[in-house]
Amino acid sequence: MGLVITPLQTPRRFNPLDQPMGKLQQLGGRELVWRFDGGDITSDGGALVLKKLEERTGIVRRLAACFEDYRSPDQIEHPLLDLIMQRVFGLALGYEDLNDHDDLRRDPMLAVALGKDDVKGEQRRRKQDRGKALAGKSTFNRLELTAPDYDGSPRQKEYDKPETKKIVADPESVDALLVDLFLEAHEQAPDHIILDVDATDDLLYGKQEGRFYHGYYKDYCYLPLYVFCGEQLLCSRLRRSNTEASADSVEELEPLVARIRQRWPAVRIWLRGDSGFCREKLMAWCESEGIDYVFGLAQNARLKKQIEAQMAAAEKQYEQTKASARVFTEFLYATETTWSRERRVIAKAEHLDKGANPRFVVTSLSAEQKPAQELYEKGYCGRGEMENRIKEQQLDLFADRTSTGKMWSNQLRLYFSSIAYVLLQTLRRTALAGTELEKAQCGTIRLKLLKIGAQIRVTVRKVWVSLSEGYPYASLFARVLANLEAGCISP
Numbered sequence: 003m004g005l006v007i008t009p010l011q012t013p014r015r016f017n018p019l020d021q022p023m024g025k026l027q028q029l030g031g032r033e034l035v036w037r038f039d040g041g042d043i044t045s046d047g048g049a050l051v052l053k054k055l056e057e058r059t060g061i062v063r064r065l066a067a068c069f070e071d072y073r074s075p076d077q078i079e080h081p082l083l084d085l086i087m088q089r090v091f092g093l094a095l096g097y098e099d100l101n102d103h104d105d106l107r108r109d110p111m112l113a114v115a116l117g118k119d120d121v122k123g124e125q126r127r128r129k130q131d132r133g134k135a136l137a138g139k140s141t142f143n144r145l146e147l148t149a150p151d152y153d154g155s156p157r158q159k160e161y162d163k164p165e166t167k168k169i170v171a172d173p174e175s176v177d178a179l180l181v182d183l184f185l186e187a188h189e190q191a192p193d194h195i196i197l198d199v200d201a202t203d204d205l206l207y208g209k210q211e212g213r214f215y216h217g218y219y220k221d222y223c224y225l226p227l228y229v230f231c232g233e234q235l236l237c238s239r240l241r242r243s244n245t246e247a248s249a250d251s252v253e254e255l256e257p258l259v260a261r262i263r264q265r266w267p268a269v270r271i272w273l274r275g276d277s278g279f280c281r282e283k284l285m286a287w288c289e290s291e292g293i294d295y296v297f298g299l300a301q302n303a304r305l306k307k308q309i310e311a312q313m314a315a316a317e318k319q320y321e322q323t324k325a326s327a328r329v330f331t332e333f334l335y336a337t338e339t340t341w342s343r344e345r346r347v348i349a350k351a352e353h354l355d356k357g358a359n360p361r362f363v364v365t366s367l368s369a370e371q372k373p374a375q376e377l378y379e380k381g382y383c384g385r386g387e388m389e390n391r392i393k394e395q396q397l398d399l400f401a402d403r404t405s406t407g408k409m410w411s412n413q414l415r416l417y418f419s420s421i422a423y424v425l426l427q428t429l430r431r432t433a434l435a436g437t438e439l440e441k442a443q444c445g446t447i448r449l450k451l452l453k454i455g456a457q458i459r460v461t462v463r464k465v466w467v468s469l470s471e472g473y474p475y476a477s478l479f480a481r482v483l484a485n486l487e488a489g490c491i492s493p
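Residue numbers (our numbering): 3 to 493.
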């Protein structure tokens, strides 16, 4: 039997309002009826928190100052600040891609958060844009795809017409802003700070610029570099993966440390990282700058031989107790060719159920400053918290959504994710202090505080936001807004 194709007389279109319910459902004695006729309802009622937070801190406004807008003023419907605020708020609310904004542009709640006068887009210039108060993906392309070296010149050398659709970011200004926000979060200079430095994988699924295969991660990826101090982000740099973890770390840390010391000249700085950062260049730089460090040290035959007695003692203790056993020791050590001098190495001789587990760290701190066990367990092992912060950025705020073709535009996406993280971390550190969410991760804050069903009604004099009566964290929401209203927070 052959296949017969009969053309339809009218195009087949799906309209959810026209679809029958099928078998009626009964709830007690009532019939269940559903329709798409609820009016302007949003799932992002908590954007009010982001609006108030930005009013108090100006974090996104300061990010916008790091951009140059080359668009023609008479053709602009979406100011630069609105574009950047929409992008950052979108990430905080869980919308990772530019395509999402083609739907979000119809959301009056996000327009309220941006402070739009025309929250329903009824006064847009073009008829096809009416009902869409916010920018869509095409407008955001102008924000994300312009190279940072663009200077406002014409599109082509032989063409005199100026460019009117470009927005350019200054990366050095964004880098400085991240450090300044960290500094301003402290009312007074601390005695000392610990800077955690780490690299991670950012998997790629296309032919992006700077794409390389990484043997350790066994995939094509970028290798971004992060610097944190506790929960606070100071640096996020996108890098190619055909390099090692410590590549360019001195170049990234130099201006960062200089900016910190300009504000806090007496602060003592410790640098902490895993064995990927145990490199002569970085350690020598720390020593020349008066920065103390503790780095993981990859084990080798010479190091293992140095602690044979301690490993035997740990194994004997394990056999007696059947519990994991640790013995700490320290010694001076230098590699045969790569290190310029001997340095203090701390060894953890450990025996577990699975067998021997030796570990080593190298440090500039003396035994008088930090005894071996204390330095390893409370000093070095504390760096694991940084990995949780990186996961927050990648899993909750889409720092790994680097899917544009150019490496620079992917760096810009990492900047937007970083500012979204700083915004939510500021909320957690200040307005959420003393609440059940004071230690919550960004994804939990979004779920419990930002994703609230709400109805928006616009009248001549007011915009009414009616939040769901069934929202289980109403008292927490009210408390957070009251904290923000009180203006008792700093950036």
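Please note: incorrect hints may appear among the correct ones.
[Unchecked claim] In the EDC-like style, the derived pairs of lysine to aspartate or glutamate whose C-alpha atoms are separated by at most 20 Å in a straight line are:
{"hint": "1", "residue 1": "Lys122", "residue 2": "Glu146"}
{"hint": "2", "residue 1": "Lys450", "residue 2": "Glu438"}
{"hint": "3", "residue 1": "Lys408", "residue 2": "Asp119"}
{"hint": "4", "residue 1": "Lys408", "residue 2": "Asp151"}
{"hint": "5", "residue 1": "Lys283", "residue 2": "Glu321"}
{"hint": "6", "residue 1": "Lys283", "residue 2": "Glu379"}
{"hint": "7", "residue 1": "Lys453", "residue 2": "Glu438"}
{"hint": "8", "residue 1": "Lys53", "residue 2": "Asp151"}
{"hint": "9", "residue 1": "Lys283", "residue 2": "Glu310"}
{"hint": "10", "residue 1": "Lys54", "residue 2": "Asp120"}
{"hint": "11", "residue 1": "Lys283", "residue 2": "Glu253"}
{"hint": "12", "residue 1": "Lys168", "residue 2": "Asp71"}
{"hint": "13", "residue 1": "Lys134", "residue 2": "Asp39"}
{"hint": "14", "residue 1": "Lys408", "residue 2": "Asp153"}
{"hint": "15", "residue 1": "Lys393", "residue 2": "Glu440"}
{"hint": "16", "residue 1": "Lys168", "residue 2": "Glu70"}
{"hint": "17", "residue 1": "Lys122", "residue 2": "Asp104"}
{"hint": "18", "residue 1": "Lys167", "residue 2": "Glu79"}
{"hint": "19", "residue 1": "Lys408", "residue 2": "Asp76"}
{"hint": "20", "residue 1": "Lys450", "residue 2": "Glu440"}
{"hint": "21", "residue 1": "Lys306", "residue 2": "Glu332"}
{"hint": "22", "residue 1": "Lys167", "residue 2": "Glu146"}
[As the list claims (entries may be wrong)] Listed next, with one range per pair, are the computed distances between beta-carbon atoms:
{"hint": "23", "residue 1": "Asp172", "residue 2": "Gln319", "range": "46 to 52 Å"}
{"hint": "24", "residue 1": "Glu174", "residue 2": "Cys383", "range": "32 to 38 Å"}
{"hint": "25", "residue 1": "Glu57", "residue 2": "Glu344", "range": "25 to 31 Å"}
{"hint": "26", "residue 1": "Ser290", "residue 2": "Glu189", "range": "44 to 50 Å"}
{"hint": "27", "residue 1": "Ala191", "residue 2": "Pro81", "range": "44 to 50 Å"}
{"hint": "28", "residue 1": "Thr337", "residue 2": "Ser155", "range": "23 to 29 Å"}
{"hint": "29", "residue 1": "Glu233", "residue 2": "Asp42", "range": "50 to 56 Å"}
{"hint": "30", "residue 1": "Glu124", "residue 2": "Pro267", "range": "27 to 33 Å"}
{"hint": "31", "residue 1": "Arg459", "residue 2": "Cys383", "range": "52 to 58 Å"}
{"hint": "32", "residue 1": "Gln371", "residue 2": "Pro267", "range": "42 to 48 Å"}
{"hint": "33", "residue 1": "Glu57", "residue 2": "Ala191", "range": "23 to 29 Å"}
Hints in this document: simulated from the structure, not taken from any laboratory.
Just so it is clear, CB atoms sit at the ideal spot from N, CA and C, and this is done for glycine as well.
*Of the numbered hints stated previously, which ones are contradicted by the structure, given in increasing order?*
Result: hints 1, 3, 5, 6, 8, 9, 19, 23, 25, 26, 27, 28, 29, 30, 32 break, sorted rising.
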